[in-house]
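Take 98 as the starting number for the sequence shown in this note's numbering and just add one per residue.
Derived from the structure by calculation, the hints contain no laboratory data.
Note that the coordinates shown come from a computational prediction; the quantities given were computed from them, not determined experimentally.
There may be inaccurate statements among the hints.
Derived pair list, reagent style SDA-like, types lysine to any residue, alpha-carbon separation capped at 25 angstroms [stated by the list, open to error]:
1. K140 x Y104
2. K129 x D150
3. K140 x F161
4. K131 x A106
5. K115 x D125
6. K131 x V101
7. K129 x Q114
8. K115 x V157
9. K131 x V157
10. K131 x F161
11. K140 x I119
12. K140 x R130
13. K152 x R120
14. K115 x I154
15. K129 x V101
16. K115 x P134
17. K129 x N103
18. K129 x D155
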Amino acid sequence: MGAVANYSAYSMGLFLQKTNIIRDYREDLDDKRKFWPRQVWSKYADDLGEFADPKNIDAVPLPFRHV
98 MGAVANYSAY SMGLFLQKTN IIRDYREDLD DKRKFWPRQV WSKYADDLGE
148 FADPKNIDAV PLPFRHV
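Please construct the entire structure, taking both the sequences and the accompanying hints into account.
As structure tokens, then:
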């Protein structure tokens, strides 16, 4: 495999991992699991669950930038 193919495979793997993390956020929150690092989300909210509230929709993309 060439360098470009390896980079593409690596990038796709990271993309899929990030997609799964974001997709599972609500389920994890409902099950009282918090895998997101506090040092990331606490920059934007007092509690990780605040991102699930529709009134905070503008803040939602902010912590995901750190994924």
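Query raised in the report: Which hints, by number, does the structure contradict?
Result: Of the numbered hints, 1, 4, 6, 15 and 17 do not hold.
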